[in-house]
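J.: Residue strings, one per chain:
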Amino acid sequence: MDMTVRLQVFEGPLDLLLHLLEKNKVNIYDIPIVEITAQYLEYIAEMKRQDLNVVSEFLVMAATLIDIKSRMLLPAKEEDAEEEEDPRAELVQQLLEYKMYKCMAYELRDLQIDAERVLFKEPTIPPEIADYEEPVDLAELVSDVTLAKLNDIFKSIMKKQADKVDPVRSKFGKIEKEEVSLSERMSYLEEYCLTHSRFSFRNLLEAQTGKMEIIVTFLAVLELMKVGKIFISQEKTFDDIQIQSRIAA
Amino acid sequence: MENKNYEAIIEAILFTMGESVELEKIAAAIELDKKETKAIIGRMMEHYEDPAIGIRIIELDGAYQMCTKSEMYEYLIRIAKQPKKHVLTDVLLETLSIIAYKQPITRVEIEKIRGVSCDHAVNKLVEYNLVCELGRLDAPGRPLLFGTTEEFLRSFGVQSIDELPVLNPVQVEEFKQEVEAEINLKMDI
Amino acid sequence: MENKNYEAIIEAILFTMGESVELEKIAAAIELDKKETKAIIGRMMEHYEDPAIGIRIIELDGAYQMCTKSEMYEYLIRIAKQPKKHVLTDVLLETLSIIAYKQPITRVEIEKIRGVSCDHAVNKLVEYNLVCELGRLDAPGRPLLFGTTEEFLRSFGVQSIDELPVLNPVQVEEFKQEVEAEINLKMDI
Numbered sequence: 001m002d003m004t005v006r007l008q009v010f011e012g013p014l015d016l017l018l019h020l021l022e023k024n025k026v027n028i029y030d031i032p033i034v035e036i037t038a039q040y041l042e043y044i045a046e047m048k049r050q051d052l053n054v055v056s057e058f059l060v061m062a063a064t065l066i067d068i069k070s071r072m073l074l075p076a077k078e079e080d081a082e083e084e085e086d087p088r089a090e091l092v093q094q095l096l097e098y099k100m101y102k103c104m105a106y107e108l109r110d111l112q113i114d115a116e117r118v119l120f121k122e123p124t125i126p127p128e129i130a131d132y133e134e135p136v137d138l139a140e141l142v143s144d145v146t147l148a149k150l151n152d153i154f155k156s157i158m159k160k161q162a163d164k165v166d167p168v169r170s171k172f173g174k175i176e177k178e179e180v181s182l183s184e185r186m187s188y189l190e191e192y193c194l195t196h197s198r199f200s201f202r203n204l205l206e207a208q209t210g211k212m213e214i215i216v217t218f219l220a221v222l223e224l225m226k227v228g229k230i231f232i233s234q235e236k237t238f239d240d241i242q243i244q245s246r247i248a249a
Numbered sequence: 001m002e003n004k005n006y007e008a009i010i011e012a013i014l015f016t017m018g019e020s021v022e023l024e025k026i027a028a029a030i031e032l033d034k035k036e037t038k039a040i041i042g043r044m045m046e047h048y049e050d051p052a053i054g055i056r057i058i059e060l061d062g063a064y065q066m067c068t069k070s071e072m073y074e075y076l077i078r079i080a081k082q083p084k085k086h087v088l089t090d091v092l093l094e095t096l097s098i099i100a101y102k103q104p105i106t107r108v109e110i111e112k113i114r115g116v117s118c119d120h121a122v123n124k125l126v127e128y129n130l131v132c133e134l135g136r137l138d139a140p141g142r143p144l145l146f147g148t149t150e151e152f153l154r155s156f157g158v159q160s161i162d163e164l165p166v167l168n169p170v171q172v173e174e175f176k177q178e179v180e181a182e183i184n185l186k187m188d189i
Numbered sequence: 001m002e003n004k005n006y007e008a009i010i011e012a013i014l015f016t017m018g019e020s021v022e023l024e025k026i027a028a029a030i031e032l033d034k035k036e037t038k039a040i041i042g043r044m045m046e047h048y049e050d051p052a053i054g055i056r057i058i059e060l061d062g063a064y065q066m067c068t069k070s071e072m073y074e075y076l077i078r079i080a081k082q083p084k085k086h087v088l089t090d091v092l093l094e095t096l097s098i099i100a101y102k103q104p105i106t107r108v109e110i111e112k113i114r115g116v117s118c119d120h121a122v123n124k125l126v127e128y129n130l131v132c133e134l135g136r137l138d139a140p141g142r143p144l145l146f147g148t149t150e151e152f153l154r155s156f157g158v159q160s161i162d163e164l165p166v167l168n169p170v171q172v173e174e175f176k177q178e179v180e181a182e183i184n185l186k187m188d189i
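Residue numbers (the numbering used here), protein chains in the order written: chain A, 1 to 249; chain B, 1 to 189; chain C, 1 to 189.
Rather than coming from a laboratory, the hints here were simulated on the basis of the structure.
The structure displayed is predicted, hence computed values, not measured ones.
We treat Cβ as the ideally placed atom computed from N, Cα and C, and that holds for glycine.
Any given hint could turn out to be false.
As the list claims (entries may be wrong) - Computed cross-link-like contacts, SDA-like style, restricted to lysine to any residue with a CA-CA straight-line distance of at most 25 Å:
1) K112(C) x L137(B)
2) K34(B) x E46(C)
3) K112(B) x L18(A)
4) K84(B) x I215(A)
5) K112(C) x I153(A)
6) K81(B) x E19(C)
7) K112(B) x I33(A)
8) K102(C) x N27(A)
9) K112(B) x H19(A)
10) K124(B) x C103(A)
11) K155(A) x D119(B)
12) K124(B) x E19(C)
13) K69(C) x M44(B)
14) K149(A) x H86(C)
15) K38(B) x D50(C)
16) K84(B) x Y106(A)
17) K112(B) x L59(A)
18) K155(A) x T89(C)
19) K102(A) x V116(B)
20) K81(B) x Q65(C)
21) K124(C) x F120(A)
22) K84(B) x R107(C)
23) K99(A) x V116(B)
24) K124(C) x M44(B)
25) K112(B) x F120(A)
26) K69(C) x I40(B)
27) K102(B) x A89(A)
28) K35(B) x L23(B)
Said to hold, decoys possible - Residues of chain C placed beyond 12 Å of chain B at every Cβ, according to the derived structure:
29) K35
30) I55
31) E59
32) E109
33) V126
34) E133
35) R136
36) D138
37) S155
38) V158
39) S160
40) L164
I would like the entire structure built from these sequences, with the hints used as guidance.
T.: Right, dumping it as structure tokens:
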């Protein structure tokens, strides 16, 4: 699908936006926000099908566009229409700045092409001179750096590390395809209920192999309870929970 | 010792070292002050522009380096090997141009301009020695500050970052006027 | 093209090659025959004897090489002798502290902690003999492991790395967080 190829060209939301403006041959200062928003959303809807990770960066811009669109659709009050800033102003500024650097990037590329035609020379230091080596004076180099300072530096780096890491989210690991689905678990439980009119919640969980299975099974129990397909009871706090099937065999 | 021989010494130094040599070091070697040394090198640079000479001296942020003239390239490449160069993708170039014009700059500021995260690009540029850390910003989290290197100047053939092509002053002005006319916007670029 | 520009090309070739280049190759590059080329180089050699020029061309067995005149040696030594400005920058200090406390450690691990390439910093620290290679990690790619040197201990006045100011508070905190996170995940039904 040619969409795939085209989508990968965009370096980011601003890049995509600039592309849309150029494609529509519209002025950057007078963005037809309604059309552009629609087109932008179309693109990211297509993207979503490809790679959710990439899309996240584009979604913020989508929200901004929609916000601008809604603000522009609102009728401006007569009296303050003059002073009121165009809702697009900030976006225009951002687009302009981005476009400027994109433009400078091309200039840099030209400079680089010229500069590549210049060759340098490896040092050819005669051995008599090369053999002479000024030793690094470590005492002077280290001079006022103390161990305590080194320790402080290390601590602040490690602290920065810890700050960076969201203690909860960092443990989530990669988002993987859910291996046990809730609906799957539910139908499994329903089937089980057909043959077992009463069973232990603890035994049920113990029969599960992984953490994910336990969690999903637990959710399935809650769900079936809600729809009234099972009934649960517990004698005392911390006692085993008994599950009763309400599904007729 | 007359001036002429200073030139010979500087020539020998720049030739031998191959790499860039700071003005300070050259001045110390020839036992002249920096100003005098700079003047001599300036004269040499002019003299080297003679088309009968195939090499030239370039200035890089207060250091000097000898290199071939670009007109010689087509002949040179028949014998000499082109040093391995890094291919700069659009992302890398965009990031590099932001760093070049806005240095010192943090990752977050770059991301704000590009609208996308830039970790990978910045790391690659550091790896290619086009960008380096300039220290940390005195702000919460003490983020790293980045700037361009001497290798950047060399690779793009500019003497110093002040010599980078100007951010199209004409265009900026045009933009501003248009905008002011159209939506009464205050531009701050 | 007149003679003069042949000289410029030959100059650029000999300069950038640094080593000796065979007459044949030079002739091929400038598209002249060997005899003519040799004549041009001969004239250049003469011209280079001018004391205002610091380099010369020497002939070695049918090949030519550009080199500095020996009269220039004393100045070259002065350049070499000039103590390089060695400074432990923030980047170096941060990298050093990570290596000191986390040794043996690979480049990749250092980069992970600092969030930016560290090749340059590690190389500098190795050059300063504060850090050395400790071998290779038994992992894919067999990356180099780095640690601090005896010089490091001497410079900081400690007997062994065990004497480094305790990092336990930091580590303990790390472990605590890990354990807590672990516990939070345990299902407690």
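J.: If a hint holds in the structure, say so; if it does not, say that too.
T.: Against the structure, the hints come out as follows:
no.: 1; hint: K112(C) x L137(B); result: 20 Å, holds
no.: 2; hint: K34(B) x E46(C); result: 32 Å, violated
no.: 3; hint: K112(B) x L18(A); result: 16 Å, holds
no.: 4; hint: K84(B) x I215(A); result: 54 Å, violated
no.: 5; hint: K112(C) x I153(A); result: 16 Å, holds
no.: 6; hint: K81(B) x E19(C); result: 13 Å, holds
no.: 7; hint: K112(B) x I33(A); result: 21 Å, holds
no.: 8; hint: K102(C) x N27(A); result: 55 Å, violated
no.: 9; hint: K112(B) x H19(A); result: 19 Å, holds
no.: 10; hint: K124(B) x C103(A); result: 21 Å, holds
no.: 11; hint: K155(A) x D119(B); result: 23 Å, holds
no.: 12; hint: K124(B) x E19(C); result: 33 Å, violated
no.: 13; hint: K69(C) x M44(B); result: 18 Å, holds
no.: 14; hint: K149(A) x H86(C); result: 19 Å, holds
no.: 15; hint: K38(B) x D50(C); result: 23 Å, holds
no.: 16; hint: K84(B) x Y106(A); result: 21 Å, holds
no.: 17; hint: K112(B) x L59(A); result: 15 Å, holds
no.: 18; hint: K155(A) x T89(C); result: 17 Å, holds
no.: 19; hint: K102(A) x V116(B); result: 14 Å, holds
no.: 20; hint: K81(B) x Q65(C); result: 17 Å, holds
no.: 21; hint: K124(C) x F120(A); result: 23 Å, holds
no.: 22; hint: K84(B) x R107(C); result: 23 Å, holds
no.: 23; hint: K99(A) x V116(B); result: 14 Å, holds
no.: 24; hint: K124(C) x M44(B); result: 34 Å, violated
no.: 25; hint: K112(B) x F120(A); result: 37 Å, violated
no.: 26; hint: K69(C) x I40(B); result: 20 Å, holds
no.: 27; hint: K102(B) x A89(A); result: 22 Å, holds
no.: 28; hint: K35(B) x L23(B); result: 9 Å, holds
no.: 29; hint: K35; result: 19 Å, holds
no.: 30; hint: I55; result: 5 Å, violated
no.: 31; hint: E59; result: 17 Å, holds
no.: 32; hint: E109; result: 15 Å, holds
no.: 33; hint: V126; result: 17 Å, holds
no.: 34; hint: E133; result: 20 Å, holds
no.: 35; hint: R136; result: 21 Å, holds
no.: 36; hint: D138; result: 25 Å, holds
no.: 37; hint: S155; result: 23 Å, holds
no.: 38; hint: V158; result: 27 Å, holds
no.: 39; hint: S160; result: 31 Å, holds
no.: 40; hint: L164; result: 23 Å, holds
In this structure, the earlier hints numbered 2, 4, 8, 12, 24, 25, 30 are contradicted, and the remaining ones agree with it.
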